[in-house]
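2 protein chains.
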Amino acid sequence: MRLVVIGGDAAGMSAASQARKRLGEDDLAITVFERGHFTSYSACGIPYWIGGAVPDRDKLVARTPEEHRKAGIDVRLRHEVVGIDLDRREVVAHDLTGGGETREPFDHLVYGAGAVPVTPEWARVRDAGVFGVQTLDDGQAIHDWLDREPRPRRAVVIGGGYIGVEMAEAMVLRGLDVTLLEKSPQPMAKTVDPDMGALVQKSMRALGVEVLTDAHVDGLETADGRVRAVVTPGGTLPADVVVLGMGVRPNTALAREAGLPVGPTGGVRTDLRMRVEGVEGVWAAGDCVETQHLLTGRPAHVPLGTHANKQGRVAGINIGGGYATFPGVIGTAVTKVCDLEVARTGLTSKEAHAAGFSFVTASVDSTSRAGYYPGAEMMTIKLIAERRTGVLLGAQIVGRAEAAKRIDALAVAAWNRMTVEEMTALDLSYAPPFAPVWDPVLIAARKATEAVHASL
Amino acid sequence: MRLVVIGGDAAGMSAASQARKRLGEDDLAITVFERGHFTSYSACGIPYWIGGAVPDRDKLVARTPEEHRKAGIDVRLRHEVVGIDLDRREVVAHDLTGGGETREPFDHLVYGAGAVPVTPEWARVRDAGVFGVQTLDDGQAIHDWLDREPRPRRAVVIGGGYIGVEMAEAMVLRGLDVTLLEKSPQPMAKTVDPDMGALVQKSMRALGVEVLTDAHVDGLETADGRVRAVVTPGGTLPADVVVLGMGVRPNTALAREAGLPVGPTGGVRTDLRMRVEGVEGVWAAGDCVETQHLLTGRPAHVPLGTHANKQGRVAGINIGGGYATFPGVIGTAVTKVCDLEVARTGLTSKEAHAAGFSFVTASVDSTSRAGYYPGAEMMTIKLIAERRTGVLLGAQIVGRAEAAKRIDALAVAAWNRMTVEEMTALDLSYAPPFAPVWDPVLIAARKATEAVHASL
Numbered sequence: 001m002r003l004v005v006i007g008g009d010a011a012g013m014s015a016a017s018q019a020r021k022r023l024g025e026d027d028l029a030i031t032v033f034e035r036g037h038f039t040s041y042s043a044c045g046i047p048y049w050i051g052g053a054v055p056d057r058d059k060l061v062a063r064t065p066e067e068h069r070k071a072g073i074d075v076r077l078r079h080e081v082v083g084i085d086l087d088r089r090e091v092v093a094h095d096l097t098g099g100g101e102t103r104e105p106f107d108h109l110v111y112g113a114g115a116v117p118v119t120p121e122w123a124r125v126r127d128a129g130v131f132g133v134q135t136l137d138d139g140q141a142i143h144d145w146l147d148r149e150p151r152p153r154r155a156v157v158i159g160g161g162y163i164g165v166e167m168a169e170a171m172v173l174r175g176l177d178v179t180l181l182e183k184s185p186q187p188m189a190k191t192v193d194p195d196m197g198a199l200v201q202k203s204m205r206a207l208g209v210e211v212l213t214d215a216h217v218d219g220l221e222t223a224d225g226r227v228r229a230v231v232t233p234g235g236t237l238p239a240d241v242v243v244l245g246m247g248v249r250p251n252t253a254l255a256r257e258a259g260l261p262v263g264p265t266g267g268v269r270t271d272l273r274m275r276v277e278g279v280e281g282v283w284a285a286g287d288c289v290e291t292q293h294l295l296t297g298r299p300a301h302v303p304l305g306t307h308a309n310k311q312g313r314v315a316g317i318n319i320g321g322g323y324a325t326f327p328g329v330i331g332t333a334v335t336k337v338c339d340l341e342v343a344r345t346g347l348t349s350k351e352a353h354a355a356g357f358s359f360v361t362a363s364v365d366s367t368s369r370a371g372y373y374p375g376a377e378m379m380t381i382k383l384i385a386e387r388r389t390g391v392l393l394g395a396q397i398v399g400r401a402e403a404a405k406r407i408d409a410l411a412v413a414a415w416n417r418m419t420v421e422e423m424t425a426l427d428l429s430y431a432p433p434f435a436p437v438w439d440p441v442l443i444a445a446r447k448a449t450e451a452v453h454a455s456l
Numbered sequence: 001m002r003l004v005v006i007g008g009d010a011a012g013m014s015a016a017s018q019a020r021k022r023l024g025e026d027d028l029a030i031t032v033f034e035r036g037h038f039t040s041y042s043a044c045g046i047p048y049w050i051g052g053a054v055p056d057r058d059k060l061v062a063r064t065p066e067e068h069r070k071a072g073i074d075v076r077l078r079h080e081v082v083g084i085d086l087d088r089r090e091v092v093a094h095d096l097t098g099g100g101e102t103r104e105p106f107d108h109l110v111y112g113a114g115a116v117p118v119t120p121e122w123a124r125v126r127d128a129g130v131f132g133v134q135t136l137d138d139g140q141a142i143h144d145w146l147d148r149e150p151r152p153r154r155a156v157v158i159g160g161g162y163i164g165v166e167m168a169e170a171m172v173l174r175g176l177d178v179t180l181l182e183k184s185p186q187p188m189a190k191t192v193d194p195d196m197g198a199l200v201q202k203s204m205r206a207l208g209v210e211v212l213t214d215a216h217v218d219g220l221e222t223a224d225g226r227v228r229a230v231v232t233p234g235g236t237l238p239a240d241v242v243v244l245g246m247g248v249r250p251n252t253a254l255a256r257e258a259g260l261p262v263g264p265t266g267g268v269r270t271d272l273r274m275r276v277e278g279v280e281g282v283w284a285a286g287d288c289v290e291t292q293h294l295l296t297g298r299p300a301h302v303p304l305g306t307h308a309n310k311q312g313r314v315a316g317i318n319i320g321g322g323y324a325t326f327p328g329v330i331g332t333a334v335t336k337v338c339d340l341e342v343a344r345t346g347l348t349s350k351e352a353h354a355a356g357f358s359f360v361t362a363s364v365d366s367t368s369r370a371g372y373y374p375g376a377e378m379m380t381i382k383l384i385a386e387r388r389t390g391v392l393l394g395a396q397i398v399g400r401a402e403a404a405k406r407i408d409a410l411a412v413a414a415w416n417r418m419t420v421e422e423m424t425a426l427d428l429s430y431a432p433p434f435a436p437v438w439d440p441v442l443i444a445a446r447k448a449t450e451a452v453h454a455s456l
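Which chain is which? The protein sequence lines are A and B, in order.
Just so you know, full-length UniProt numbering puts 376 at position 376 of the first sequence, and the rest follows in order with no gaps.
Just so you know, full-length UniProt numbering puts 335 at position 335 of the second sequence, and the rest follows in order with no gaps.
Any given hint could turn out to be false.
In this list, chains with the same sequence are indistinguishable; a pair is considered to hold if it fits within one copy or across any two.
In silico DSS-like cross-links for lysine-lysine, where the CA-CA straight-line distance does not exceed 25 angstroms [claimed, not checked]: (1) K190 <-> K350; (2) K21 <-> K447; (3) K183 <-> K350; (4) K70 <-> K21.
In case anyone wonders, no lab produced these hints; they're calculated from the structure.
Small disclaimer: the values here were computed from a predicted structure and weren't measured.
Bound-form chain A, shown alone:
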C-alpha cells in the first residue's frame, strides 16, 4: 500500500508516524510532500523564537525530515502538490527548487495542507516586510527581516487575536515600538468576552504596546520595496514591519479542485475517523478541516496545533488498521500576554448567543493560592451557564501565574456536560500553595449556581 501525505507539519506527520508505527515499510510506503523547509514544527512557538525566549529556530522542530526518513517516511521538502487526481489516484507535485513535476500514486491520501493567513488585497506585497505567521518559513522570513540593516524600529500588528498579541509582545521584546490595530473595541474579541478582553488590553498597554481599537486599515504605503506605513482612516502609522494577525482560513484550494467536500466553515469535511466524507481512502486533518463543536453541535473551524496533532494521529491509526476517533472540540484555548494569562473553554457570551442559548454569567475574583500563602496572585474567572439547566457552556480565566491552566478542569466539566451546581461538589485539589480552600473554579461554580437559580 502507498500512503501519500500533503503537508509535513503536525497533522500530516502525525498521521504518517502513526501509520508507520502500525505498518512496516513492506506493507506501507509513505511519501510526504511539504512545500516548506521544515517538518513537524511548532508554529505556536514562532512568537517566542522571534521574541527571544526560544533562542534557536531548530528547537521548534519536534522531528526533522532526516529523523522522519530514518523512520521510513519519504519526506520531500520544497515540493508543492498542485493537483489531486482522484480517478487515477495520484497527486501531482512541483519541485519548488526547479526540479520539475512528480506524479505519485496512492492508496491512502492524507490532506494536511493547513491554513493560510487572511490577507486582504492591500497586504499582498512580497518581500516588503509584511508577514503572516503561519509556517516556520514565515517565522524565518520575519526573523531575517528584523535582522536586516537598517533595523526595523516600528512594528504594526494588524489583528488582536492570539497571533496578534503574541507577536506584539515578541516585537516589544525585540525592542521595537509596537502598535496593535484591532477592529473590535478590545483585543481578543473572538476569544473572550469584552470585560475579560479589557483586562488584556490593560496588560498590553502596560507592556508598552500602543493598542488602537475599533481600528480599520485602508492599506499600506511602501517605498523602495519596503513597507513604510499602515494607512488608517485615523491617520498614517509609520511601520518598518507589518504582521498580519487577522485570522486564518483553511487551505482548501487543492481540495476543492479535486472535488473533496468542504463545509460551511470552509474546512474539508471528515467523519469522526478523519476520513474525508464520501471519498474512500482519502483522509484530512489539521487546520484545513472542519470539525464539530460539541457544545453547539455545529461545524467549527478551530485551527490549533493540539487539534492538528490529535486529528493526524487519529487518521494515522485508522490508516494503519487501528480504530480511533476525533469527536470534536469545545473551544479550549490559552495564551499569555506578558505575565497575564488568558484562557477559555466552551463558548463566549457572543458565541453562546449566536448558537441560540439563553444563559447566565457569573464572574469572581479569587487567588491562585491561599490568600496568606506567599505568591498568591489574583485571577478572574467567568462562567457561562445555560439558563434553567445550569449546564456549563463556557469559561474564561484572566490572571497571573497559575491561573490559566485551571481552564482544563473547566474544559473537562464542559466536555461532560456538567451543570454548575454539580460542579460545586467537585473534588478539586486543595493545599495552601495551590489554591484557597475554595478553589476559584468552585467559587465561580457557586456564584454561577446562584445566577442559574435566580434565572428560574
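Given the structure of chain A, go ahead and fit chain B onto it with the hints provided.
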C-alpha cells in the same frame, strides 16, 4: 429556631454562616461552642506558619470570632461541649476558663467536632514537646515550643503522610535537624504508589531531612518534663521536639455517647444533605464524618479542609431552608515537598486492589511547558484504569512547578467516569508557555489506553 454548633472551624462555621445568610436573627439564633481560641482557621496552613512562609498566625484565620459575632453568630470560645442530650434537645458545655457549665437548647444541631491525631499510648505526654498538628492551638503550642530557650535543635517527625512531610520541611526551614520516621518503605505510602513515593523520598533527602523508612517507634525518653529522644528498635534518636503525623481519626466520642450513628470508618454517618442518619434536626460535617467514595461506592473518611468547608456549607444551606447535597469524594489531594509537587485523585494501586478492581497502570514523563519554552519542568504522571472498561480509577502526579494542579482535570474526568480512551480526545488547553502540544495528561491517557487494549 435555635441552632447550636459544636466546633468553630471550617465545617461548623461554614454551616453557621450559610444558615445565617438564609435566616435572620429573628428566625434563627446561632450559638457556636469552640474548645480552642480560634474560629474559621486554616489548619492546613500551620506548617507554613511554623516554617516561616506565613509570617503571622492571624493570617491563617479566615474569620475571627468578632467577625462572626458581628454577623449575628454567638461564638463561645474555650467552651467544650461535654454532652448532647437528644431527648431534651440540648447540649451541655463546660467553660474551660473556669466559668462552669452551660446548657443550651437547640432545634438544629451541627456536629463539627473535627478529628484527633492518632496518638499511641507512649505519646500521651503533656507539655513535653510532643505535638499533634490538628488545631491552631496545636500550631501555637509548637510555635511557642520552638521559641523556648534552649532552642530545640533536633526534631523527629513520626509518620510520612501530608502532615509529616509538610512539618518536616517546616522544621528544616526553622533550622532544625530533622528525622522523619515512616513505617512504610517510602513516605506518602497512603497517598501515592511506591514508585511515586520514592520520588518524594528523594526530594526530602535532598532537602536535608533524614528519612528512615520501615521504621517503628517503641516509645519516648523524657527528662525534666521535656522529650529527649525517640526510641526505635534500631536505636535511640535524640529529639527536642516530636511531631506526630500518624494520621487522624474522627472525633466522635460525644457523638457515640449521644447515640449518633457511626460508620465503619469511624465517622458519623450522614445522608447527602449532611443530616445525621435517622436523627431529626441533627447535622454533621467535616473531619468527624464519614462520606462516600464515588469510585468505590464505599464509605470513606477523608479529613480535608476542602471537604469540611463544602459539607458545612451544604448543612447550613439545608438548615436555612435551601437544598444542597454533598455527593461524596474521589480522593483528590495535593501537597508540596520543597519544590516537589505531589498530587493524586481517585484510587492508588493499593486502594484499587482493595476495592476489588482489576486494573492497568501507565506512567509517563513529560514537561510542564513546551520542551523548548523557558522554565519547562519535568513531571511524572501515573494513571490507573480499570481493565477492559478503561474507566479512569486514579491518577498521581509528581513534578516541579505547574505540575500538581493538573490533577484537577484528571479529578473531573474521574468524577465523570471517563475512560482513558475518551480522555485522549479531551480538549485541554495548549500553548507553549503552558504545555507541550500533547499535554502530559493526554500523553498519559494515550499510554493508559494502550495498556487497556493490551489487557483485553
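Have a look at K70 and K21 and pick one of within, between, both or neither, based on CA distance no larger than 25 angstroms. Classified as within; 13 angstroms inside a copy, 68 angstroms across copies.
Is it within, between, both, or neither for K183 and K350, if the alpha carbons may be no more than 25 angstroms apart? Within one copy only: 16 angstroms inside, 57 angstroms across.
Go through the copies and call it for K190 and K350: within, between, both or neither, with a Cα cutoff of 25 angstroms. within (9 angstroms within a copy, 47 angstroms between copies)
One pair to classify: K21 and K447, alpha carbons no more than 25 angstroms apart. Within, between, both, or neither? between (48 angstroms within a copy, 14 angstroms between copies)
This entry satisfies every hint, going by the numbered hints stated previously.
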